[in-house]
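If you read the protein sequences in the order shown, they are chains U and H.
Going by our numbering, 671 is the number at position 317 of the first sequence; the sequence numbering is gapless.
Going by our numbering, 77 is the number at position 64 of the second sequence; the sequence numbering is gapless.
No lab work stands behind these hints: they were computed from the structure.
The structure displayed is predicted, hence computed values, not measured ones.
Heads up, some of the hints might be wrong.
Just some of the chain H residues that point at chain U, by a computed CB distance under 7 Å [to be verified]:
{"no.": "1", "residue": "A65"}
{"no.": "2", "residue": "F85"}
{"no.": "3", "residue": "E212"}
{"no.": "4", "residue": "A217"}
{"no.": "5", "residue": "L219"}
{"no.": "6", "residue": "E285"}
{"no.": "7", "residue": "L286"}
{"no.": "8", "residue": "V293"}
{"no.": "9", "residue": "E336"}
{"no.": "10", "residue": "W337"}
{"no.": "11", "residue": "N338"}
{"no.": "12", "residue": "A341"}
{"no.": "13", "residue": "F342"}
For glycine and all other residues, C-beta sits at the position ideal for the given N, C-alpha and C.
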Amino acid sequence: MSSLKHLLSAADLSRDAAINLLDIAETMSSVNDREIKKLPTLRGKTVVNLFFEDSTRTRISFELAAKRLSADVINFSAKGSSVSKGESLKDTAQTLEAMGADGVVIRHPASGAAYTLAHSGWINGSIVNAGDGTHEHPTQALLDAFTIRRRLHGAASSGKDLAGVKVAVVGDVLHSRVARSNLLLLNTLGAEVHLVAPPTLLPANSSAWNAVIHFSLDEMLQTVKPDAVMMLRVQLERMNAAYFPSEREYARVWGFNADRLAMLRENALLMHPGPMNRGLEISAAAADSPNSTVLEQVANGVSVRMAVLFNLLSGERSIDNV
Amino acid sequence: MSKFLLKNVSLLGEAPTDVLIQDDLIAAIGADAAGKAANHDSAESVEIIDCAGLIAVPGLVDLHTHLREPGFEASETVLSGTRSAAAGGFTAVHAMANTSPVADTAGVVEQVWSLGLVAGFADVVPVGAVTVGLEGKQLAELAAMADSRAQVRVFSDDGKCVSDPLLMRRALEYVKAFDGVIAQHSQEPRLTEGAQMNEGIVSAELGLVGWPAVAEESIIARDVLLAEHVGSRLHVCHLSTAGSVEIVRWAKARGINVTAEVTPHHLLLTDELARSYDAVYKVNPPLRTQADVLALREALIDGTIDIIATDHAPHPDESKDCEWNAAAFGMLGLEIAASVAHDVLIASGKSTWQRFAEVLSHNPSKIGRLAQQGQAIAVGSIANLALIDPSQTRDAVSTESRSHNNPYLGLKVGGEVVHTIYRGYFTKRDGKVAAGGRNHAAPTDVNSAAKVSN
Numbered sequence: 355m356s357s358l359k360h361l362l363s364a365a366d367l368s369r370d371a372a373i374n375l376l377d378i379a380e381t382m383s384s385v386n387d388r389e390i391k392k393l394p395t396l397r398g399k400t401v402v403n404l405f406f407e408d409s410t411r412t413r414i415s416f417e418l419a420a421k422r423l424s425a426d427v428i429n430f431s432a433k434g435s436s437v438s439k440g441e442s443l444k445d446t447a448q449t450l451e452a453m454g455a456d457g458v459v460i461r462h463p464a465s466g467a468a469y470t471l472a473h474s475g476w477i478n479g480s481i482v483n484a485g486d487g488t489h490e491h492p493t494q495a496l497l498d499a500f501t502i503r504r505r506l507h508g509a510a511s512s513g514k515d516l517a518g519v520k521v522a523v524v525g526d527v528l529h530s531r532v533a534r535s536n537l538l539l540l541n542t543l544g545a546e547v548h549l550v551a552p553p554t555l556l557p558a559n560s561s562a563w564n565a566v567i568h569f570s571l572d573e574m575l576q577t578v579k580p581d582a583v584m585m586l587r588v589q590l591e592r593m594n595a596a597y598f599p600s601e602r603e604y605a606r607v608w609g610f611n612a613d614r615l616a617m618l619r620e621n622a623l624l625m626h627p628g629p630m631n632r633g634l635e636i637s638a639a640a641a642d643s644p645n646s647t648v649l650e651q652v653a654n655g656v657s658v659r660m661a662v663l664f665n666l667l668s669g670e671r672s673i674d675n676v
Numbered sequence: 014m015s016k017f018l019l020k021n022v023s024l025l026g027e028a029p030t031d032v033l034i035q036d037d038l039i040a041a042i043g044a045d046a047a048g049k050a051a052n053h054d055s056a057e058s059v060e061i062i063d064c065a066g067l068i069a070v071p072g073l074v075d076l077h078t079h080l081r082e083p084g085f086e087a088s089e090t091v092l093s094g095t096r097s098a099a100a101g102g103f104t105a106v107h108a109m110a111n112t113s114p115v116a117d118t119a120g121v122v123e124q125v126w127s128l129g130l131v132a133g134f135a136d137v138v139p140v141g142a143v144t145v146g147l148e149g150k151q152l153a154e155l156a157a158m159a160d161s162r163a164q165v166r167v168f169s170d171d172g173k174c175v176s177d178p179l180l181m182r183r184a185l186e187y188v189k190a191f192d193g194v195i196a197q198h199s200q201e202p203r204l205t206e207g208a209q210m211n212e213g214i215v216s217a218e219l220g221l222v223g224w225p226a227v228a229e230e231s232i233i234a235r236d237v238l239l240a241e242h243v244g245s246r247l248h249v250c251h252l253s254t255a256g257s258v259e260i261v262r263w264a265k266a267r268g269i270n271v272t273a274e275v276t277p278h279h280l281l282l283t284d285e286l287a288r289s290y291d292a293v294y295k296v297n298p299p300l301r302t303q304a305d306v307l308a309l310r311e312a313l314i315d316g317t318i319d320i321i322a323t324d325h326a327p328h329p330d331e332s333k334d335c336e337w338n339a340a341a342f343g344m345l346g347l348e349i350a351a352s353v354a355h356d357v358l359i360a361s362g363k364s365t366w367q368r369f370a371e372v373l374s375h376n377p378s379k380i381g382r383l384a385q386q387g388q389a390i391a392v393g394s395i396a397n398l399a400l401i402d403p404s405q406t407r408d409a410v411s412t413e414s415r416s417h418n419n420p421y422l423g424l425k426v427g428g429e430v431v432h433t434i435y436r437g438y439f440t441k442r443d444g445k446v447a448a449g450g451r452n453h454a455a456p457t458d459v460n461s462a463a464k465v466s467n
């Protein structure tokens with residue numbers, strides 16, 4: 355198997371590379387079911403979680419993944435760094451390099467920060483993009499694909515892609531790194547992608563995107579009959595910037611409520627990257643329904659991140675020795 | 014007294030001839046030049062410079078330069094900026110007002126003007142701020158700047174748009190009193206909050222906040238209508254979209270007194286470069302699409318766009334060596350402008366050296382009301398000349414600026430400036446910028462270098 359140097363974008367992954375990562379994640383998942391949930395694979399390696407933005411969920415998911423692979427983990431919280439005239443990204447990166455970080459997991463409010471870190475020459479370690487601005491969040495796309503594949507194929511998942519699977523992504527596509535990474539990876543894996551949003555929350559030039567655009571959630575549910583519906587988190591500050599008139603109107607037109615749950619196919623997945631705004635983009639009834647995969651996504655996130663760290667940092671070591 | 018004979022030089026692409034320069038004037042052209050050079054008093058030596066293969070154009074004039082002094086000397090100074098200008102064939106630059114303090118009083122514009130005289134590498138023509146502190150709230154003392162020794166005629170809040178329509182109307186009206194012009198940075202502020210790059214296919218993919226074309230075009234449309242209504246002169250800075258070209262074309266056909274500029278980078282580079290997230294490509298207005306580039310090139314050739322202006326915007330390394338959102342807007346331009354003009358007008362086979370001289374010398378001089386720049390290459394004219402070798406390609410380096418934010422690095426370009434002659438003094442010779450400026454070499458009455466308005 356070939357290993358990647360960095361994971362910056364879902365576009366870095368070919369179909370084979372993506373399936374390979376998902377298959378490794380299946381193996382990792384079985385480790386997570388063992389009594390001793392630990393592998394020695396990354397013993398002696400140092401992984402730094404470099405978070406310029408608060409995200410407890412993503413950080414602890416990566417932290418757990420690295421620890422289960424026996425890596426040493428450092429959490430470096432640098433909220434409000436260079437943009438607010440503190441230490442620059444460059445100085446932070448060079449500091450980590452001087453300390454000998456093998457892998458850096460970066461979350462940053464600026465789109466492209468992970469790319470800049472990987473291509474600047476400031477640091478030699480592998481870079482994992484854990485969310486850069488409104489650009490990408492590739493491990494989220496991997497865990498979403500993993501979750502869909504498992505629900506559809508169960509124990510027979512390994513080696514399979516998502517050919518013909520219809521996935522609808524609903525909500526603030528414009529500002530969503532989750533949507534961008536999912537669009538790329540789902541297409542790579544052969545899925546059919548539908549985007550549903552108010553026109554204000556779609557990019558002005560989304561016509562170039564490899565997806566079907568819908569403005570009506572109800573019409574999409576009726577005509578497409580998706581296998582999975584992925585609800586995106588709505589940032590409440592968007593309302594003040596005139597993207598939509600009110601929370602109530604948003605919830606009524608683009609929120610996933612009990613009525614829409616009834617329109618879903620019986621075994622369709624209802625997904626959300628978390629944290630949820632219950633009552634806004636998703637109602638409690640929908641979030642707690644059997645269709646909801648929210649908690650599976652959290653569990654699968656650890657397996658997928660173990661797979662990514664393994665692939666990037668383990669060098670020539672084979673998964674067969676796990 | 015100094016005398017130079019430029020041998021076998023082509024004036025604007027015509028058959029080779031000789032040009033005699035005596036002190037700061039063109040003394041003779043043609044057979045007469047060689048004759049005068051041979052016949053003159055033997056006590057004076059005439060230096061003969063072989064210019065075979067070189068094209069002479071009037072010294073280039075930039076209507077849009079950021080010299081950064083006073084206040085941002087880490088990026089550029091009047092001296093380093095005018096050395097960069099000399100390297101690019103320029104003999105005059107208009108220094109934008111967004112310094113610290115802002116050039117919004119007679120005192121600051123006179124300071125910048127006198128720094129230019131002391132440096133002696135080009136005429137430094139200060140641009141005055143339209144509003145106090147560039148804040149868009151209250152008109153700066155425009156008449157005081159116009160009446161100062163700097164004789165300001167071009168006023169701009171460049172970097173910011175005079176977005177208040179009433180303030181823009183008043184500014185356009187007010188500067189009629191002294192034949193001034195408002196040079197507008199056309200950017201609707203509400204449509205560009207947090208904007209990072211051109212809004213389009215690339216920004217959607219990269220997740221960078223878009224700067225839509227309509228934010229530029231809507232302001233240009235408003236301003237040409239205001240200029241028509243009050244009968245004033247409007248100059249549009251760094252026009253960057255195909256739609257803006259259409260609006261200016263319409264306004265000119267209607268007889269509105271509007272001129273427009275385009276930068277070298279908008280004639281050459283596109284938003285595809287942002288895919289590298291390399292902040293050297295971050296500029297305001299942003300790099301647009303290839304369709305925009307082609308429309309701008311056509312408009313420069315057909316006269317819809319009047320001039321090339323560099324928007325030379327030096328920034329220190331730390332302002333570019335960071336994530337895209339945190340980086341400053343702007344790129345260097347003085348040492349690339351002639352090469353880009355050569356590419357668009359000459360190498361393309363679509364236009365002439367005459368047009369080259371119009372867009373980089375005659376027209377910017379007219380807009381800025383500079384009597385002593387942009388003169389025809391003729392006997393009695395002030396000896397401001399750039400001599401260009403169209404046969405050579407060179408690395409697109411920028412050697413004289415204090416800053417390194419050069420987006421052209423790595424490109425090969427044509428149209429090298431070999432010599433720059435500023436008021437009879439070689440500020441660049443054989444590809445090398447002079448060690449000292451004109452006044453160091455030959456002290457002259459500073460008033461002789463002053464700009465005269467007409």
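Comparing the hints with the structure gives:
1. A65: violated (45 Å)
2. F85: Hint violated; H/F85 Cβ to chain U Cβ min 16 Å, cut 7 Å.
3. E212: Cβ of H/E212 sits 6 Å from chain U, so the hint holds.
4. A217: At about 3 Å, which falls below the 7 Å cut-off, the nearest Cβ of chain U leaves the hint on H/A217 intact, so it holds.
5. L219: holds (6 Å)
6. E285: violated (13 Å)
7. L286: With Cβ-Cβ at 13 Å, over 7 Å, it is violated.
8. V293: Violated - the Cβ of H/V293 stays beyond 7 Å from chain U, reaching only about 12 Å at its closest.
9. E336: holds (4 Å)
10. W337: Cβ of H/W337 sits 5 Å from chain U, so the hint holds.
11. N338: holds (4 Å)
12. A341: violated (13 Å)
13. F342: With a minimum Cβ separation of about 15 Å from chain U (threshold 7 Å), the hint on H/F342 is violated.
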